[in-house]
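Going down the list, the sequences are from chains A and B.
The numbers in our numbering rise by one with no breaks, and the one at position 17 of the first sequence is 17.
The numbers in our numbering rise by one with no breaks, and the one at position 192 of the second sequence is 192.
It is possible that part of the hints are untrue.
No distinction is drawn between identical chains; accordingly, a pair holds when it is met within one copy or between any pair of copies.
[Said to hold, decoys possible] Here are the computed lysine-lysine pairs in the BS3-like style, where the Cα-Cα straight-line distance is at most 25 Å:
no.	residue 1	residue 2
1	K411	K213
2	K333	K71
3	K41	K371
4	K244	K112
5	K244	K371
6	K147	K71
7	K112	K41
8	K41	K333
9	K112	K352
10	K394	K41
11	K222	K71
12	K371	K352
13	K147	K222
14	K411	K394
Treat the hints as calculated values from the structure; they're not laboratory data.
Protein chains: 2
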Amino acid sequence: MFQIQNSKSYGFSVLFLTSIIINVLLISKRYVGEGDLTWTKRAATEAEAVAAISCSGHGRAYLDGLILDGKQEPICECSDCYGGPDCSQLFPNCTVNANSGDPLFLEPFWVKHAGSSAFLVAGWHRMSYMYSDGSYISQELESHIRKVHAIVGNAITEGRYIAFGVGSTQLLNAAVRALSPRNASSPARVVASIPFYPVYEEQTNLFQSMDFKFEGDTSSWKNNSDVYTDMIEFVTSPNNPDGKLNQAVLEGENVKTIYDHAYYWPHFTPIPTPADGDIMLFSMSKFTGHAGSRFGWAVIKDEAIYQRMIRYSQLNTIGVCRDSQLRALKLLKVVLQQRNDIYEFGYATMMKRWERLSSVISMSERFSLQKIAPNYCNFFQKVRDPSPAYAWLKCEREEDKDCHAVLRAGKIDGREGNRFSAGDRYVRLSLLRRQDDFDLLIQKLNQLVSRKEDGSKSM
Amino acid sequence: MFQIQNSKSYGFSVLFLTSIIINVLLISKRYVGEGDLTWTKRAATEAEAVAAISCSGHGRAYLDGLILDGKQEPICECSDCYGGPDCSQLFPNCTVNANSGDPLFLEPFWVKHAGSSAFLVAGWHRMSYMYSDGSYISQELESHIRKVHAIVGNAITEGRYIAFGVGSTQLLNAAVRALSPRNASSPARVVASIPFYPVYEEQTNLFQSMDFKFEGDTSSWKNNSDVYTDMIEFVTSPNNPDGKLNQAVLEGENVKTIYDHAYYWPHFTPIPTPADGDIMLFSMSKFTGHAGSRFGWAVIKDEAIYQRMIRYSQLNTIGVCRDSQLRALKLLKVVLQQRNDIYEFGYATMMKRWERLSSVISMSERFSLQKIAPNYCNFFQKVRDPSPAYAWLKCEREEDKDCHAVLRAGKIDGREGNRFSAGDRYVRLSLLRRQDDFDLLIQKLNQLVSRKEDGSKSM
Chain A
1 MFQIQNSKSY GFSVLFLTSI IINVLLISKR YVGEGDLTWT KRAATEAEAV
51 AAISCSGHGR AYLDGLILDG KQEPICECSD CYGGPDCSQL FPNCTVNANS
101 GDPLFLEPFW VKHAGSSAFL VAGWHRMSYM YSDGSYISQE LESHIRKVHA
151 IVGNAITEGR YIAFGVGSTQ LLNAAVRALS PRNASSPARV VASIPFYPVY
201 EEQTNLFQSM DFKFEGDTSS WKNNSDVYTD MIEFVTSPNN PDGKLNQAVL
251 EGENVKTIYD HAYYWPHFTP IPTPADGDIM LFSMSKFTGH AGSRFGWAVI
301 KDEAIYQRMI RYSQLNTIGV CRDSQLRALK LLKVVLQQRN DIYEFGYATM
351 MKRWERLSSV ISMSERFSLQ KIAPNYCNFF QKVRDPSPAY AWLKCEREED
401 KDCHAVLRAG KIDGREGNRF SAGDRYVRLS LLRRQDDFDL LIQKLNQLVS
451 RKEDGSKSM
Chain B
1 MFQIQNSKSY GFSVLFLTSI IINVLLISKR YVGEGDLTWT KRAATEAEAV
51 AAISCSGHGR AYLDGLILDG KQEPICECSD CYGGPDCSQL FPNCTVNANS
101 GDPLFLEPFW VKHAGSSAFL VAGWHRMSYM YSDGSYISQE LESHIRKVHA
151 IVGNAITEGR YIAFGVGSTQ LLNAAVRALS PRNASSPARV VASIPFYPVY
201 EEQTNLFQSM DFKFEGDTSS WKNNSDVYTD MIEFVTSPNN PDGKLNQAVL
251 EGENVKTIYD HAYYWPHFTP IPTPADGDIM LFSMSKFTGH AGSRFGWAVI
301 KDEAIYQRMI RYSQLNTIGV CRDSQLRALK LLKVVLQQRN DIYEFGYATM
351 MKRWERLSSV ISMSERFSLQ KIAPNYCNFF QKVRDPSPAY AWLKCEREED
401 KDCHAVLRAG KIDGREGNRF SAGDRYVRLS LLRRQDDFDL LIQKLNQLVS
451 RKEDGSKSM
């Protein structure tokens, strides 16, 4: 009896001890391992709940998504050509979006690094206009930008000033404004080399300034002997739309150059040498893929020009949204921690896309693509294949004068060549969107190429 | 013996059961109550750690604050006139900042609502340029803005368009641009009533447009019979700097009016009636206190004007930072959930400050303040005392021609009256900054008033 009682008591003791150990483990995990979360729990739980909505892999739900029909959860926002409440439905006859340069090819990189790239802010976070140094610019962010350029080797920033903009978009006109003399006898001539990004012209025209005027293609001003009127040349390198590493065309004391380096990252081009222009524009949009955060920066040699650009940003918008600056900082920290990861991922993705596209187009004599040669990349320290952000497609047949319409008939929406001041025979196809968009683009191009080649044979 | 054994066993059973219950409670709290956080833990823990840095109640540490000397934690950013690593040191001879309109009086409201106002985003959150409807504007945010106006009763939004801006600052020129005819024989005349917010003039001049020109004080154009030139009148109500509920001065078919209602909230003024102007500008800055988020909006009657303002925002900055829109949405949700709390808090704070200031100034014949009468507020449904954002101080003594210098000698930095196109006898004192700033302002004013009154007696 005593024996039994004793063994029963022993069993109890073991169970009791186990239970105590479990308690200790649970308590330590809760109060040490998880850091005893209090006021942040609600926001963290909400973020995980929204992230857990899968949208069938063809869409996303967002914290600030629409909430319909009195439901608690935001709705799925589907990729183009996908629909249904969970984005599982593909609309096969839909026209694929290859128009806008939405850089969502980088989305999977950030899904992979969701934890390290996340941040949480409460309502009291940085409400002020100013940082503690009285500026509108986060010093911490500025120093991270310099680190990134030093590692990638795509721009010299030592001894240069850095100004921030609401996207590099805001900086385009800030630079034009800063470079234009006030009240000169004739306005500065703003030019760009065809084919060029249409916003240079549209934005310059929007402001209808007395001090500057858009004057079209750079080449028509190359041998112009008027040295009294200021010239402002936009040099886009790599070029949007054709990916070429453009160089300045104009020379002379009256010539100022704005280098738009939005695409000068290893994702899109080999980096032969660090850029060293007087004014160089960069943007998060095409670097980390955060187009919606509207964050860009300018690297500027001359202090007076820097001050004028800063003044523009102050009077136009009182600087750049501090929430966007916080986000950019968080993203750059991840980029720096992950060494070459974002560049390897970006290059591999874009290079594979270009290969697939080239292989489809090569089956057809109806279309051609811009020629881009492999080149040595100082960052990767090897020769790298082409990986451009856009295809600059040409319709080669005599009768295909309106190339955009030809593609449109094949259910592909590109951007018209005339938007870039090139002819209607050209169309820009965006290659840096979501994988869904790219896969559909290839599928539609395949159909177009095979169908039309058949058609031409039977004619 | 058996008895003892039995009671021992009973004791064990109770302990064991207790331990099991604790197990269950801990497990359920971890896996149900806290929702099993995974990838968000790091960001949540980081946010709580930074928020826990107290900075002695005279400063704040931020996620994106400077991190010095290889430390892990960001440094405290101290209130003006406070210093030291934890902001505990007051510099008594320091000049108090009553210059900028940094709306940090609302910070304690958001500290109180830290949990409900917090949000967490990962790197993949809304990277795109566009929302799912292809616009740059969050529909969800737009509908919350309409709800807020309906509840406060400060603006009619039914049947009106709403455009977003990078602060209402961007919308000032967007509106001027949209209202100016292109290529008219003479540029539109942009005017405002003295004393006026200097940015109207500075921003209009910055763009040096062929289509509009700043032409000074409204009153000098009142009886001008030229009906062929377009007039654009800025009407600021409540006015910055003097808090007056200004009305339009100009009339006629060639007159367009931009109503700047940044301060038309119950914090700063009784709301006699919902505003119903053709173009009305509002801003998060002076409503929730989030100046750094750069988010403003315009309520617009005419569709063509709305389209032109949207186009401006697109070409200038490709819309407003999506991170700022998310933040504004989150804040407005809290504002709506908390019923009248933010308005009660805002009014009580500003009203008490005005009382304290008035009482100090009333002790002196050297200075005077603008007169503001109590007025009936339709939102609170009672008569409310003055609670302006700024004091519009006048130096009354003959010899005090430079009022800013007089205050400066008393260690107070206000904003010069000539910045508002009024005389140097005026200074704007900001009343809506942190409590630290306001307390110091009162202290310095007390010293100035008593010292100078003594001085004048001894002369």
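Verification of the hints:
In this assembly of identical chains, the alpha carbons of K411 and K213 never lie at most 25 Å apart, being 38 Å within a copy and 48 Å across copies at closest. Taking the shortest alpha-carbon separations for K333 and K71, only the inter-copy value of 16 Å comes in at or below 25 Å, while the best intra-copy value is 36 Å. Proximity of K41 to K371 under the C-alpha cut-off of 25 Å is found in neither arrangement, the shortest distances being 53 Å within a copy and 48 Å between copies. Taking CA atoms no more than 25 Å apart as the test, K244 paired with K112 passes in neither setting, with 31 Å inside one copy and 54 Å between copies.
In this assembly of identical chains, the alpha carbons of K244 and K371 lie at most 25 Å apart only when taken from the same copy (9 Å versus 65 Å across copies). Taking the closest pair of Cα atoms, K147 and K71 come within 25 Å of each other only across two copies (18 Å); inside a single copy the shortest separation is 45 Å, beyond that limit. With identical chains, the CA atoms of K112 and K41 are at most 25 Å apart both within one copy (22 Å) and between copies (16 Å). For the identical chains of this complex, K41 and K333 are neighbours both inside a copy (24 Å) and across copies (18 Å), given an alpha-carbon limit of 25 Å.
When the C-alpha separation of K112 and K352 is checked against a cutoff of 25 Å, the pair qualifies only within one copy, where the shortest distance is 20 Å, while the shortest distance between copies is 51 Å. Proximity of K394 and K41 under a CA criterion of 25 Å is satisfied in neither setting, with 54 Å inside one chain copy and 51 Å between copies. In this assembly of identical chains, the alpha carbons of K222 and K71 never lie at most 25 Å apart, being 62 Å within a copy and 54 Å across copies at closest. Only within a single protomer do K371 and K352 lie at most 25 Å apart by alpha-carbon distance; the minimum there is 16 Å, versus 71 Å between protomers.
Taking CA atoms no more than 25 Å apart as the test, K147 paired with K222 passes in neither setting, with 37 Å inside one copy and 57 Å between copies. Taking CA atoms no more than 25 Å apart as the test, K411 paired with K394 passes inside one copy only; the shortest distance there is 17 Å, against 69 Å between copies.
Going through the hint list in order, the structure does not satisfy hints 1, 3, 4, 10, 11 and 13.
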